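Enquirer: Next come the chains, spelled out residue by residue.
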Amino acid sequence: MAGEMNPRERWGLLLIDEFPDRPPVYPLVTSHASAVYGCDLISYCSDGKILAEAQLAAQRKYGHEGLSVFTDVGLIAEAMGSKYHLREFEVPILNRPIIEELSAIDKLKLPDPGGSGRLPVYLEAIEKLYQAKGDVLPVFAFVPAPFTTAAGLRGIEDFLVDTITEPEAAHQLLELSLEAAIKFCDECILCGALPMLVDPLASGSVISRRTFAEFALPYNRKLITHLHRYDLDVTLHICGETSSIVDLISDTGADLFSLDKLDIDIARSSIGDKVRLVGNLAPHNLMASSGVSIEDNCHHIIDSGIRNKKGFVISTGCEVPIRCQPEKLQKYIKLGKEARYE
Amino acid sequence: MISQKIRKLDNFELEENPRQIDFREWHRLFQKVPEELVENTRYFRDLPNAEWSQYLFPPSTHVVSGNRLLRKLKFDNSLASLRLWGFVMSEGERIYRAKQAGKKVIAVMGDLGAVTPLVYSFPNTVAFYPDCLWWTPFMMESKVLFDEAAKFGLGEDCCFVRAALGAYSKKAYFPKPDLCIGTVGATCDDMNAVMSEVEFLGYDIHYFELPHRHDKPQDVKRLKVFLSGQYEGLSAKLEHVTGHEFDLTRFEETISKVNRMRGAISDLKGMLGGAGSPLDSCVRRNDGRGSRRIDRRNAMGGIEMLNVEFAPLSYYGDLDECIDVIEDVRDTVKSRQTRSVGYPDQDIRLVWVTPPADPQLMNYIEGLGGMIVGSEYLINQTTPQILENGDPFDSLAESHLSGSLMGSMGYRTQLVIDQIEKSNAEGVIISGVFGSSHCPYETTPIVDAVRKKGIPVLAIDVVAPGKIMMQSQIFNRMEAFMESLKAARRYRGG
Amino acid sequence: MKSNPRQNQVKDFTGLESEYLESIEGRRSLVGYLCMRTPVELIEAYGAVPIRIVSSPVAVSSGFNPIRNDACSFCKQVPELMKLDSYKYLSGIIAGSCCDQMRRTVDVLNETLDIPAIIYSAPRTYGQNASFFLNEMKAAFAKLADSLRLTIDENELHKAIKSRKQLRKLVNQKRYDGAISAPLIHKLAGSCLPAEKIIEFLTGLKPLPVNSDSVRLMLFGSIPSGKEILLIEEVGGYVAVDLTCLGDRVFEIKQNLPEEPFEFLYKHYIEHNNCPHRRSYAPLIDYAKQQIKRGAIDGIVYRSVKYCHPFGLAAKRFKEELGMPFLELDDDLTLQATGSFRTRLGAFVEMLEAQKRRKVAQV
Numbered sequence: 148m149a150g151e152m153n154p155r156e157r158w159g160l161l162l163i164d165e166f167p168d169r170p171p172v173y174p175l176v177t178s179h180a181s182a183v184y185g186c187d188l189i190s191y192c193s194d195g196k197i198l199a200e201a202q203l204a205a206q207r208k209y210g211h212e213g214l215s216v217f218t219d220v221g222l223i224a225e226a227m228g229s230k231y232h233l234r235e236f237e238v239p240i241l242n243r244p245i246i247e248e249l250s251a252i253d254k255l256k257l258p259d260p261g262g263s264g265r266l267p268v269y270l271e272a273i274e275k276l277y278q279a280k281g282d283v284l285p286v287f288a289f290v291p292a293p294f295t296t297a298a299g300l301r302g303i304e305d306f307l308v309d310t311i312t313e314p315e316a317a318h319q320l321l322e323l324s325l326e327a328a329i330k331f332c333d334e335c336i337l338c339g340a341l342p343m344l345v346d347p348l349a350s351g352s353v354i355s356r357r358t359f360a361e362f363a364l365p366y367n368r369k370l371i372t373h374l375h376r377y378d379l380d381v382t383l384h385i386c387g388e389t390s391s392i393v394d395l396i397s398d399t400g401a402d403l404f405s406l407d408k409l410d411i412d413i414a415r416s417s418i419g420d421k422v423r424l425v426g427n428l429a430p431h432n433l434m435a436s437s438g439v440s441i442e443d444n445c446h447h448i449i450d451s452g453i454r455n456k457k458g459f460v461i462s463t464g465c466e467v468p469i470r471c472q473p474e475k476l477q478k479y480i481k482l483g484k485e486a487r488y489e
Numbered sequence: 013m014i015s016q017k018i019r020k021l022d023n024f025e026l027e028e029n030p031r032q033i034d035f036r037e038w039h040r041l042f043q044k045v046p047e048e049l050v051e052n053t054r055y056f057r058d059l060p061n062a063e064w065s066q067y068l069f070p071p072s073t074h075v076v077s078g079n080r081l082l083r084k085l086k087f088d089n090s091l092a093s094l095r096l097w098g099f100v101m102s103e104g105e106r107i108y109r110a111k112q113a114g115k116k117v118i119a120v121m122g123d124l125g126a127v128t129p130l131v132y133s134f135p136n137t138v139a140f141y142p143d144c145l146w147w148t149p150f151m152m153e154s155k156v157l158f159d160e161a162a163k164f165g166l167g168e169d170c171c172f173v174r175a176a177l178g179a180y181s182k183k184a185y186f187p188k189p190d191l192c193i194g195t196v197g198a199t200c201d202d203m204n205a206v207m208s209e210v211e212f213l214g215y216d217i218h219y220f221e222l223p224h225r226h227d228k229p230q231d232v233k234r235l236k237v238f239l240s241g242q243y244e245g246l247s248a249k250l251e252h253v254t255g256h257e258f259d260l261t262r263f264e265e266t267i268s269k270v271n272r273m274r275g276a277i278s279d280l281k282g283m284l285g286g287a288g289s290p291l292d293s294c295v296r297r298n299d300g301r302g303s304r305r306i307d308r309r310n311a312m313g314g315i316e317m318l319n320v321e322f323a324p325l326s327y328y329g330d331l332d333e334c335i336d337v338i339e340d341v342r343d344t345v346k347s348r349q350t351r352s353v354g355y356p357d358q359d360i361r362l363v364w365v366t367p368p369a370d371p372q373l374m375n376y377i378e379g380l381g382g383m384i385v386g387s388e389y390l391i392n393q394t395t396p397q398i399l400e401n402g403d404p405f406d407s408l409a410e411s412h413l414s415g416s417l418m419g420s421m422g423y424r425t426q427l428v429i430d431q432i433e434k435s436n437a438e439g440v441i442i443s444g445v446f447g448s449s450h451c452p453y454e455t456t457p458i459v460d461a462v463r464k465k466g467i468p469v470l471a472i473d474v475v476a477p478g479k480i481m482m483q484s485q486i487f488n489r490m491e492a493f494m495e496s497l498k499a500a501r502r503y504r505g506g
Numbered sequence: 514m515k516s517n518p519r520q521n522q523v524k525d526f527t528g529l530e531s532e533y534l535e536s537i538e539g540r541r542s543l544v545g546y547l548c549m550r551t552p553v554e555l556i557e558a559y560g561a562v563p564i565r566i567v568s569s570p571v572a573v574s575s576g577f578n579p580i581r582n583d584a585c586s587f588c589k590q591v592p593e594l595m596k597l598d599s600y601k602y603l604s605g606i607i608a609g610s611c612c613d614q615m616r617r618t619v620d621v622l623n624e625t626l627d628i629p630a631i632i633y634s635a636p637r638t639y640g641q642n643a644s645f646f647l648n649e650m651k652a653a654f655a656k657l658a659d660s661l662r663l664t665i666d667e668n669e670l671h672k673a674i675k676s677r678k679q680l681r682k683l684v685n686q687k688r689y690d691g692a693i694s695a696p697l698i699h700k701l702a703g704s705c706l707p708a709e710k711i712i713e714f715l716t717g718l719k720p721l722p723v724n725s726d727s728v729r730l731m732l733f734g735s736i737p738s739g740k741e742i743l744l745i746e747e748v749g750g751y752v753a754v755d756l757t758c759l760g761d762r763v764f765e766i767k768q769n770l771p772e773e774p775f776e777f778l779y780k781h782y783i784e785h786n787n788c789p790h791r792r793s794y795a796p797l798i799d800y801a802k803q804q805i806k807r808g809a810i811d812g813i814v815y816r817s818v819k820y821c822h823p824f825g826l827a828a829k830r831f832k833e834e835l836g837m838p839f840l841e842l843d844d845d846l847t848l849q850a851t852g853s854f855r856t857r858l859g860a861f862v863e864m865l866e867a868q869k870r871r872k873v874a875q876v
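Residue numbers (the working numbering), protein chains in the order written: chain A, 148 to 489; chain B, 13 to 506; chain C, 514 to 876.
If you are wondering where the hints come from, they were derived from the structure by calculation, not from laboratory data. Wrong hints could be hidden among the right ones.
Here are the computed lysine-lysine pairs in the DSS-like style, where the Cα-Cα straight-line distance is at most 27 angstroms [claimed, not checked]:
hint: 1; chain 1: A; residue 1: Lys-457; chain 2: B; residue 2: Lys-182
hint: 2; chain 1: A; residue 1: Lys-208; chain 2: B; residue 2: Lys-163
hint: 3; chain 1: B; residue 1: Lys-188; chain 2: A; residue 2: Lys-421
hint: 4; chain 1: B; residue 1: Lys-249; chain 2: C; residue 2: Lys-780
hint: 5; chain 1: B; residue 1: Lys-182; chain 2: A; residue 2: Lys-481
hint: 6; chain 1: C; residue 1: Lys-651; chain 2: B; residue 2: Lys-236
hint: 7; chain 1: A; residue 1: Lys-481; chain 2: B; residue 2: Lys-155
hint: 8; chain 1: B; residue 1: Lys-183; chain 2: A; residue 2: Lys-457
hint: 9; chain 1: C; residue 1: Lys-802; chain 2: B; residue 2: Lys-163
hint: 10; chain 1: A; residue 1: Lys-421; chain 2: A; residue 2: Lys-457
hint: 11; chain 1: B; residue 1: Lys-479; chain 2: C; residue 2: Lys-829
hint: 12; chain 1: B; residue 1: Lys-183; chain 2: C; residue 2: Lys-829
hint: 13; chain 1: B; residue 1: Lys-163; chain 2: A; residue 2: Lys-481
hint: 14; chain 1: A; residue 1: Lys-484; chain 2: B; residue 2: Lys-183
hint: 15; chain 1: C; residue 1: Lys-780; chain 2: B; residue 2: Lys-236
hint: 16; chain 1: A; residue 1: Lys-369; chain 2: B; residue 2: Lys-44
hint: 17; chain 1: B; residue 1: Lys-183; chain 2: A; residue 2: Lys-456
hint: 18; chain 1: B; residue 1: Lys-233; chain 2: C; residue 2: Lys-651
hint: 19; chain 1: C; residue 1: Lys-832; chain 2: C; residue 2: Lys-806
hint: 20; chain 1: B; residue 1: Lys-44; chain 2: A; residue 2: Lys-256
hint: 21; chain 1: A; residue 1: Lys-478; chain 2: B; residue 2: Lys-182
hint: 22; chain 1: A; residue 1: Lys-456; chain 2: B; residue 2: Lys-182
hint: 23; chain 1: A; residue 1: Lys-456; chain 2: B; residue 2: Lys-111
hint: 24; chain 1: C; residue 1: Lys-829; chain 2: B; residue 2: Lys-155
hint: 25; chain 1: B; residue 1: Lys-346; chain 2: B; residue 2: Lys-269
hint: 26; chain 1: B; residue 1: Lys-249; chain 2: B; residue 2: Lys-269
hint: 27; chain 1: B; residue 1: Lys-233; chain 2: C; residue 2: Lys-780
hint: 28; chain 1: B; residue 1: Lys-155; chain 2: A; residue 2: Lys-208
hint: 29; chain 1: A; residue 1: Lys-208; chain 2: B; residue 2: Lys-182
These numbers come from a predicted model, not from an experiment.
Bound-form chain A, shown alone (with noise of 0.2 angstroms):
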């Protein structure tokens, strides 16, 4: 149809605080794509060729607007040493960390993106991408945020309990984490993807507020501020509860905040006049299972998230479930397609 605008387009807009046609809708379609591919979860975290592949795929079948390089947030503490187990039809797991005693930080190495672990993995997929469709749709790489690459390479609950008992440990961990977070953003940019920054552990769920402004916060704003020197828009993505914090993440410097389990009117009349936000259907409402209507449940989220001052994208509050069902996601997209700014 003449006069459309594409998904690049849309986002073009939204970052220079113009109002398209309508919010992009922007489901995080990660693993999910490997079961629409159809291959396993082993090949699609580990060989960049066919993440690219899974990703197109997803996006052909169900046209959402962009696409999402992710496969686990491990991913640079495993480039730093720590052991992941890769799994069939799970995301990978942590193994073992690399860092059992606090003394080994100081014989910790940066990563190099073009041959640490998997971070070819990701780089090769985001130039394929980048490559097949980066002039109609926006690629994301979702890196992992200091603060979770950190508890990567520590140990969830041992980083955790290190923030409360061995501070400057965690902090010099947290300093090593960002410096690779920033190394490894520098090349997916120029692969021709925009960072996003995933955060999962930096949730309420899991911190307190104290620790999120202690240490989540510095290094998400310090590595968001080396983007904005080269004038990227920085999607910040927290996982879970965020309602404690949600008034520090315009701190960070985020420029969009993807929110998962907090309510979009709270986030709104928090942060809705300086971040735009991306979210938030819950994930669970997208497996057969799940006995709600998407219609039910996404009303709120559009018609509340379209008025916000700074601009919306209509999303899923975390990943889309690997085993989602696909009918339930398609009708989502189709509904955020439906939206309309007046």
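The hints should help you fit chains B and C onto chain A, whose structure is shown.
Expert: Quick look at chains B and C alone, frame taken from chain A:
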């Protein structure tokens, strides 16, 4: 409050020697750019609290927003070049920001830079040039805008300017203009067809009539009177749209700025190619046979100069800032020539005729040893100094009359010959557009005239994005052409 | 062989033209003109004979042509046409600036011929700058006359204008009565004959037999080559309206024009000219809609000359706005194009005939 103090870069260079680098290198080199510069290099300095007005960013920034060709280009490594690219690539956002900030946004079409000075002499008013969106499909390596134009029947037998129609239709490349000005008459058919469709999209167009110039003195005089009247009519329209009366003082101030910019561009072209370049820009070299010849090193890339030469079309949406950007490039070239430095291994002197929609071609020829020392980009009307204290509309008309396209083919051919003579060129490249209304007629006469001067010429048609096989043929032809020029030089004992 | 009244019309008229040209040979200058923006009355008032330059299948490229292949096929053919007998005796050429390509064609003619070729500008806007463009037109004719040593005869001008007005009226009336076939209208539109002689010829014409079952077509688009109507008729179609610049549009009667001769000519030929290049498309679309209604048209044959931007790039717009069966043909003026045209026209006519039969059956 953002500091206003940094306006010029004072020849600050990040690296000692000029060279062409890719976007990866620029990404890393950018880290060396002082924070204060990044913070304070801004457009719309009349809006001091605008958070969004920075623009000193490397090409990688724009790669992320889908400008895929930038990954293949080689850029000059000066800070002035960084500023230039940042300024050019931020034009789209700037036009939206202008509208958000309450400025009047005027679309100018078909005139190639002639009416813009008048637009800018109205307060709080900026111009942009939809025709220049012909670059976008190349920059993005994308068919999106061409496909959109094709929905209206403007397909491959129309020039690349059809991308402008795609952009009008999509409403995602510039805000709704407060006024569209369309220059018609002795202009191209392709843009005319675009304008007709733009009317159907619901845009009102103020038509500026540009009759054919017969290139005879008595006709030119009559035409000048007519064009002056057209400017007067346009001024009245702009008064209505902007809500401001035409103000002579402001007009003269604007013309003075425009002249300053045109002067800087003329200096630049002179330095890079003209016979009037200072000798200290040259390197004396012994060719081994006792004779000495003078080589001039290439002190600025062809694509940077293309950006510079196109600046007077609409000043990329900010006249004041644009002047500083251009003057920075000029000062950088001057400094390089004073230091006798330039890109290594680029010394075959070429004149480029008709701007290539695909800037990669220029990079390619430079990679083969070419340096672009002269150009005829269809925008001769943006080159003369405008009379600053005469009748305003007469002065604009006078300048307009030097247009490349509005007269005979002989006139344009002579412009090309002038460039060859001024720059002592060894070869000419004509990059046409297949199916455009003027290229099929002009190419042969220009080729003939250039050959009569004993100068080899290569005429190519720019290939639309994505046609890799055809593109490789163009590259092959360029390689053969450059080899023949090198052989000719060897034969001459140079 | 049984005589065909439609063919006879054309044959008789062509004979008349030949006779006329023979009768004035050597006594009057022949002035070629391009584009229907040229007031033939002015050429006549200067004592010259207007010769419309139209494409010809005979003009095949015979060597070097400075115009590239991606130019409008008609414009590209013009320098070749100048070598044909029909044009080689021209003393000069004049053209109202239609499109960029026509402008440049005249430039090429000036470079390649040793007769003057003159162009003058036409505005896109209505009712504005009329005095300038009128003067441009006058100056162009004066320049041509000066080169050819011709002087204007004001009485002849009045007479020519009057006769052409009568001619337009008569052509419209006879066309409506079905006395003028489509091939003849082409001949009339580009004729070198004075209006009086054409009027004399037309006066005696009787309505032609028409097959009421034939599908009624409107020919539209770029300057025709002459073969289109023959091909349409060959496959059983009937050209009820010819909206090309060599068809009914040439005889359009325009209302409320000034009396002063030059102003009249300017308004008639230049300002109120609906060529899609110098105009927004809307007035031509409106005019086409009127003609479709008047001619009870079943379908449109839209033929654009290859790389003719004014018509080629407007095809989709016209198709959408006119909203009826629309066959788009892109003609590079080569003989090879004829075969595919015949096939496509045949299929189009068949489809419309079937549609017509279905409608009748439904009634």
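Enquirer: Now tell me if each hint is right for this structure.
Expert: Checked hints:
{"no.": "1", "hint": "A:Lys-457 with B:Lys-182", "verdict": "22 angstroms, holds"}
{"no.": "2", "hint": "A:Lys-208 with B:Lys-163", "verdict": "25 angstroms, holds"}
{"no.": "3", "hint": "B:Lys-188 with A:Lys-421", "verdict": "25 angstroms, holds"}
{"no.": "4", "hint": "B:Lys-249 with C:Lys-780", "verdict": "25 angstroms, holds"}
{"no.": "5", "hint": "B:Lys-182 with A:Lys-481", "verdict": "21 angstroms, holds"}
{"no.": "6", "hint": "C:Lys-651 with B:Lys-236", "verdict": "18 angstroms, holds"}
{"no.": "7", "hint": "A:Lys-481 with B:Lys-155", "verdict": "26 angstroms, holds"}
{"no.": "8", "hint": "B:Lys-183 with A:Lys-457", "verdict": "20 angstroms, holds"}
{"no.": "9", "hint": "C:Lys-802 with B:Lys-163", "verdict": "23 angstroms, holds"}
{"no.": "10", "hint": "A:Lys-421 with A:Lys-457", "verdict": "6 angstroms, holds"}
{"no.": "11", "hint": "B:Lys-479 with C:Lys-829", "verdict": "25 angstroms, holds"}
{"no.": "12", "hint": "B:Lys-183 with C:Lys-829", "verdict": "21 angstroms, holds"}
{"no.": "13", "hint": "B:Lys-163 with A:Lys-481", "verdict": "25 angstroms, holds"}
{"no.": "14", "hint": "A:Lys-484 with B:Lys-183", "verdict": "18 angstroms, holds"}
{"no.": "15", "hint": "C:Lys-780 with B:Lys-236", "verdict": "24 angstroms, holds"}
{"no.": "16", "hint": "A:Lys-369 with B:Lys-44", "verdict": "18 angstroms, holds"}
{"no.": "17", "hint": "B:Lys-183 with A:Lys-456", "verdict": "21 angstroms, holds"}
{"no.": "18", "hint": "B:Lys-233 with C:Lys-651", "verdict": "16 angstroms, holds"}
{"no.": "19", "hint": "C:Lys-832 with C:Lys-806", "verdict": "16 angstroms, holds"}
{"no.": "20", "hint": "B:Lys-44 with A:Lys-256", "verdict": "24 angstroms, holds"}
{"no.": "21", "hint": "A:Lys-478 with B:Lys-182", "verdict": "26 angstroms, holds"}
{"no.": "22", "hint": "A:Lys-456 with B:Lys-182", "verdict": "23 angstroms, holds"}
{"no.": "23", "hint": "A:Lys-456 with B:Lys-111", "verdict": "18 angstroms, holds"}
{"no.": "24", "hint": "C:Lys-829 with B:Lys-155", "verdict": "20 angstroms, holds"}
{"no.": "25", "hint": "B:Lys-346 with B:Lys-269", "verdict": "21 angstroms, holds"}
{"no.": "26", "hint": "B:Lys-249 with B:Lys-269", "verdict": "23 angstroms, holds"}
{"no.": "27", "hint": "B:Lys-233 with C:Lys-780", "verdict": "25 angstroms, holds"}
{"no.": "28", "hint": "B:Lys-155 with A:Lys-208", "verdict": "22 angstroms, holds"}
{"no.": "29", "hint": "A:Lys-208 with B:Lys-182", "verdict": "24 angstroms, holds"}
Comparing the model with each earlier hint shows no violations; every hint is respected.
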